[in-house]
Structure formats: C-alpha cells, structure tokens
Amino acid sequence: MKRIFSIILFTVILSISVYAKEKKYDWKDYNGKCNYEYFIYNEAGLTQEQLAEVMKLKTEYQSRFHDLKEKIYLEKTKMDLEMSKKNSDPNIISNSMNLNIQYSKELQDLADEFLAKYNDIKNNK
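The opening residue of the sequence shown carries number 1 in UniProt numbering; numbering runs sequentially from there.
Keep in mind the hints are simulated off the structure, nothing from the lab. Please note that the accuracy of each hint is not assured.
[Said to hold, decoys possible] Calculated pairs, EDC-like style, for lysine to aspartate or glutamate (alpha carbon to alpha carbon, straight line, at most 16 Å):
(1) Lys-78 to Glu-60
(2) Lys-71 to Glu-49
(3) Lys-58 to Asp-120
(4) Lys-85 to Asp-120
(5) Lys-58 to Glu-113
(6) Lys-117 to Glu-53
(7) Lys-56 to Glu-113
(8) Lys-69 to Asp-109
(9) Lys-117 to Asp-67
(10) Lys-105 to Glu-60
(11) Lys-105 to Asp-67
(12) Lys-122 to Glu-49
(13) Lys-105 to Glu-53
Remember, predicted model here, so these are calculated numbers, not experimental data.
The task is simple: from the sequences and hints, build the whole structure.
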C-alpha cells in the first residue's frame, strides 16, 4: 500500500511539471500599449466628444499610473529581498518603506487629479 501511494504521489509530481505553464506577467499587451482602462462609463453614456476627451486624458495619465505602480512594486520587492536576508540592513528597509509611502501618496494624488478632470468632462454635456 505504501508503495502504491508513493508511485501515485511521484506521478502526480511529475505530471504537475509537465502541465504547468510559465506565464510571464507583462503590463503591456501585444500592441505595446498598456491595457489599463482608467475611465468609467456613466448610466447616460458619454457623447463622442466627451469620449474623445476622456481617451486623450487616459493616454496622458496612463503612463504615469504605470510608472508609479512599477516603482511601488520594485520597492516592495527590494524590501522583501532585504528582509529575507539573514543580516538585513534596517536602513534599506526603512528607506524602501518611506519611498513606498511617498509613491502611494503620489499615486493617490494622481488618481484624484484624473478623476477630477474626468468628472469635469463628464458633467459638461
């Protein structure tokens, strides 16, 4: 019985590696454009002019959102790597935390600015 169980376990482990796929997470789609959608449709809908303005606004802010999110991710990774070391440097961890807080505040300010401009466009019918 023990032998049968070990054979089944061994085949399951080998089959996992056969069927597993490595998926690379990329922020960009096939056209090289970011695939974020940073605007919201309201119930009444947007006119063509409003939609064109929103699309311009989206392309203006999209790269800035992406850059800030990437910086936050890099600082989190840097902090995690430093914390996993045996003799971690508290200054690096502290600096990464402070930068992460700063980037998060910048991201929140940018989102507020974007939504204010979006609401101005949406409400000017």
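Do the hints match the structure? See the list:
With a C-alpha separation of about 29 Å, the suggested pair Lys-78 and Glu-60 falls outside the 16 Å cut-off, and the hint is violated. Only pairs whose Cα atoms come within 16 Å are accepted, and Lys-71 paired with Glu-49 is rejected, the gap being roughly 34 Å. Restraint check: the Cα-Cα separation between Lys-58 and Asp-120 comes to about 14 Å, which is no more than 16 Å; the hinted pair holds. Restraint check for Lys-85 and Asp-120: the C-alpha separation of about 49 Å exceeds 16 Å, so the hint is violated.
At roughly 12 Å between alpha-carbon atoms, Lys-58 and Glu-113 fall within 16 Å of each other, so this suggested pair holds. In summary, the hint linking Lys-117 to Glu-53 is supported, as the alpha carbons are separated by about 10 Å, within the 16 Å threshold. Straight-line distance between C-alpha atoms of Lys-56 and Glu-113 comes to about 15 Å, which keeps the hinted pair within the 16 Å bound. With a C-alpha separation of about 13 Å, the suggested pair Lys-69 and Asp-109 falls inside the 16 Å cut-off, and the hint holds.
For the suggested pair Lys-117 and Asp-67, the alpha carbons sit about 20 Å apart, so the restraint of at most 16 Å is broken. Taking the CA atoms of Lys-105 and Glu-60, the gap is about 19 Å. The hint is violated against a cut of 16 Å. Between Lys-105 and Asp-67 the alpha-carbon distance is near 14 Å, which keeps this suggested pair within the 16 Å criterion. Our distance criterion of 16 Å between C-alpha atoms is met by Lys-122 and Glu-49, whose separation comes to about 10 Å.
Annotation: proposed proximity of Lys-105 to Glu-53 is violated, straight-line Cα distance about 26 Å (limit 16 Å).
In this structure, the earlier hints numbered 1, 2, 4, 9, 10, 13 are contradicted, and the remaining ones agree with it.
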